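Fit chains G and D to the supplied structure of chain F, relying on the hints for placement.
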Amino acid sequence: MRAFISQHCGRMVFLVGLAGGLAAGWLLFPQLLYSRQAQPMDFNHALHTDDGGMTCEECHPFRDDGSFSGIPTIDVCADCHSDPLGESAAEAVLIAAYIEPAQEVPWFVYARQPQNVYFSHAAHVRLADITCDRCHGFQGTSTTLQPGETNRISTYSRHIWGPRISGGGSQVWDAMKMSDCSACHAQRGVQDSCLMCHK
Amino acid sequence: MKTQQAKPARYVMVIDVDRCNGCGNCMVGCAVENNVSVPPADALANRGLTWMKVYRVGNDRPFPDHQTVCLPIPCQHCDHAPCIHVCPVTAVQRDEQTGIVGQIPERCMGCRYCMAACPYHARYFNWFTPVWPAGMEKTLNPDVGTRMRGVAEKCNFCHGRLDRARERAAAEGRRQLDPGDYVPACAEACPTGAIRFGDALDERSGMKDLLAAPETFRLLESLGTEPKVYYQSRHAWVRQVGRSRLARVRGFETPAGEGVTHG
Amino acid sequence: MSVTRRCFLKFTCGAAAGTLISPLPWKLLDDAAIWTQNGSWVAQTPRGPVSSLFSTCTLCGAGCGLRLRQVGSDTVSVQGVSGHPVSQGALCPAGLGLAQILHHPARVRGAMKRDRSATAPWHPMDTTSAYAEVGRKLAELRAAGRSGEIAILDLRPGRSLSVLYRNFLATAGAGRYLTLPDGRQDAATALAELAGVPRHAPGYDFAHAGAVISFGAPVFDGWCGAGPAPGLIPATGGTRPVVVQASSNASPTTNLADVWLPLRPGTETALALGLAHLLRTEWTLPFTEEPWPGYNDQVSQHTPRRVADITGLSPALLQTTARSLSGRGPVLAVGGGAPGAGPLGQAEELAIWALNLTLGNLGQAGGVVFRPDLPWSEAAPVPGGTTSLREVPDGSLDLLLVDGSLPDSPVSQALLRRKMRPQSGLIVGLSAFTVGPVAEADLILPAAGPGEWLQDVTAQALAPRTSYALARADAGLPAFAAHPAAILERLARTADFPTPASCGPDRHEEVVTDRLQSLLSQGTGHLVSPDGTTRTPVNRVASLRTFRKALLAGDCWIAPPAPARPVDGLHLTGGARPLFETVAAAAPGRLVSESADPSACPVTLMFDGQVGIAGGGALPPVVNKLRRESNFLPAVDAARVNPDFARQNGWHAGQPLTLTTKRGAWPVTLVLDETVQPGVVLLPAGPGPTGLGDPDDLRTHIIDICSGTDDPVWRVGPAALRKV
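Protein chains in written order, with the working numbering: chain F, 1 to 199; chain G, 200 to 462; chain D, 463 to 1186.
Pulled out of the complex, with its shape left as it was, chain F reads as follows (with noise of 0.2 Å):
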């Protein structure tokens, strides 16, 4: 035993380098490149449109203009919670640190794309007839509201680059680079052109 390893030390050094290296570029830089944080409170999206019969345009419409509202402000929410509406701590938290004081809760925003890029709901929604979900996933049936997770060098929300490392997801919205955007649109034929969605 000990003569393999003598008579191997270098490639075998080697080999526990190169197993470093790996280890350090598929699992721990992960870890170390995104920094989570939780949403300010937990929000329960089942609860609202499954028991509250609510669609997801009531709290994410259009408006008039064309532009979409996006995260709701707190008057949408204080419009139907500005008294407890059941007994969760969620909603105690909602009430008492920003209903009351009227203040915007601070959502991190995981579809939120940096700000040279133009990306409109009313083309994909209005115009393409895409439904929430395609992009959206289980978001508007979930019970529970997923961490925050932001790259520390780029700034972007993980959803963007996508949960793997090495890029992309099995969904649309675990991965909304220009790439995935681009690669439904040359499926779909749209005509692109950089203004499109550049500003």
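Hints listed in this document are in silico derivations from the structure and should not be mistaken for laboratory results. Since we're looking at a predicted model, the values are computed, not measured. Using N, Cα and C, we set each Cβ at its ideal position, and we do this for glycine too. The reader is advised that the hints may include incorrect statements.
Taking CB as the label site, the calculated pair distances span [to be verified]:
| no. | chain 1 | residue 1 | chain 2 | residue 2 | range |
| --- | --- | --- | --- | --- | --- |
| 1 | G | E295 | F | A78 | 42 to 50 Å |
| 2 | G | A435 | D | P696 | 21 to 29 Å |
| 3 | G | K206 | D | S839 | 54 to 62 Å |
| 4 | F | Q171 | G | S421 | 30 to 38 Å |
| 5 | G | S421 | D | P1025 | 54 to 62 Å |
| 6 | D | A941 | G | P332 | 28 to 36 Å |
| 7 | F | R134 | D | P696 | 46 to 54 Å |
Then chains G and D, alone, in the frame of chain F:
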């Protein structure tokens, strides 16, 4: 599944030189709309960013037969754009759907070959990091990106306004834009109506008649760039200057009139 | 087994190889590239819902309609409103940059004190001490019975704030309310007096005129914002009046006019008399009652030959002009001066008004219409009197409060200083910027800027329709700035004046409300939407609250069109000098032949400048940037002369020269410009290159260098150019 798209458009701008009074509204409106930054006070004049720039041309006759007209010159959005041919990183591209020649700051690596290639001097470079005085960042237009030092920029026919118009149309269930839905900032700011803008392929815009008028001309036509910015003047001398050489255009010289300078 | 260097190297190579096969270096590079485009050095654009609000611009007296584009609650940009009943969609470069102006580098963020000896003259001062200092002085003057030495210079009379200024002066005792000469306002006031139509203001009805003869007024560029007078640039396919522009130098208006009369500088009076002569001969108009004794003789004397001698225009050109004006419908003669060139002068305005009388257009559509004044126009008299600044005796003021509005024309800082007592005189600016009319002030109290307080806007002088609008406070009032009325009240309290609340913000609100109520009670006119499409008669407006809400949403109150009320004669209301003499003195021309500096080349000094810029107030940073980077405004020390004239004198482009007037000498740089008449030097009016008003900057002294007297006409003056 193939997506249905709007009919292709060909956006053109028609500038009536005889109506232009040189007020500079177009320049200011453009700079405000497109988040054009202010270089340091001691920067050279030709280090500036004036996506729309008003030049003056005289008829070379002595006072009082002298006449001056003002030529607002934005990017001409050429169909055969020299800048597209020379860009090594494809940071500029013509959109087949609209005809707009779009400059993408993210791709630009600052070689300035495009600036040398453009015969209209309509391209500008960020020599300095854009710095906004305290509080002025809140007045930036969210529809237009900001650029960093080291990239070229130019007029994009206010593409952000096209996006907003398309969204508004989508909200109303329309794919096709109506004339007047989409107007660039310069055309909107012009107090005399000298700058008109529209889709030449849309009968309702009235552009076709303007393009066919006898007083319509383009700058430097002989170069074959096929610009989409047209000018109109009933004065033959203005049409002559525009077609042949721009060296007589004041502003292509230094303010003291001492020869041609290149930005 | 020992660890050798070879082992170490092999380990390192293995690790490197492993890392290279993993995403680590590639992702790091990618992310680093992205980081360079997203770091703190890249400006972040605001996020939020985009909305539009309508308001009115208050930068100059034009009162153009504005569409404010807001992201969230911040105003991001400003555009004109096409179809607007007052401005027809026009706006000027300064107005377009309105969103930026509140963040101007010269924004006053606390009281400022001027230290003349330092290179950077303005220093911050404790605001409380500043108020205490001014309050103390006010109290002293009042106690010593010298309240007549307290004055307020109101740059935009007619606002609700103007009422508060007057209240402040009344509570001070006998304070004086001062206004500044303004070409358009002076012309309007003079005509109203002479025409003897009380409680009416004259306006030019361009839209119905058949021909317009303008004496230097910028009717195509800068009459309405940066745009033309309404009706002068028709929609495609429409027609417009024939326009004759009489102007010594070429301009955008002369280019767009049908006939350009390049008359010698200062000879407008002769031209007006000559045209009256020609039109009577051409049209055989009946000799109307003389506007003043001797007018008919003056007109008869001004034959085409004589006018040609004076003005330098050929008799043939004069004949052509008269012919082009005839047979097209109502002819309108336009005076009023220009923002950058200054007022025309009393004699010129008289001759022009007499020409209008001869043309029979006074009180008629297409001519000079007399529109009813606003119901409150007869202001209560101020105990100390209302005076034009120029008529105040030199050295007779000890405390002058200067309003912070941006003036339409440059304000002579030397003139302000001359009116103050030499040692103790204190000029206090109530301003949001350190530039503009307060450039020479001793102290600035930080006031709210445009859009930070509710103002009311009345129709500009010589507008054809009386109007009233509100400029909303869309930007919140910052902590460091105060509502101008709050400044007045605080000063009044500090000085222990008897009724400080009479000039405070609550009173301002009351005045605005009273005005709205009086418009409502009068029951005439319409409430017009900003785009001009919806017109609601005032007598159908439900309540004061609805009325106010509509005006705050951007609607304007527009009076009914002025009814035709022909005016047959001009009535003398008495004056120091017979009108005949005034006109006769100016008829041969205003130029003084002797030069200020006999050893240098005599020239005529004239000025020009664009509306919104010529007044010399703070300009949005984007406008200052454009003036450096393009030719749309001349360089600040550019002395423009005709190339032939320059060649005769051996000057070349870019040559440094010294410009001398009776007031002093200034360095200029020569620029050759064929639009300038030979013998004329044209200087630009307006602020310096950064808009920050360097005290040694030529521009802050611009109109002080021209006239050696207190003649309000500074547009033409003798000067000399000398090689350095």
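Going down the list of hints, with the structure as the test:
no.	hint	result
1	E295/G <-> A78/F: 42 to 50 Å	47 Å, holds
2	A435/G <-> P696/D: 21 to 29 Å	23 Å, holds
3	K206/G <-> S839/D: 54 to 62 Å	57 Å, holds
4	Q171/F <-> S421/G: 30 to 38 Å	55 Å, violated
5	S421/G <-> P1025/D: 54 to 62 Å	59 Å, holds
6	A941/D <-> P332/G: 28 to 36 Å	18 Å, violated
7	R134/F <-> P696/D: 46 to 54 Å	53 Å, holds
Checked against the numbered hints listed earlier, the structure breaks hints 4, 6; every other hint is satisfied.
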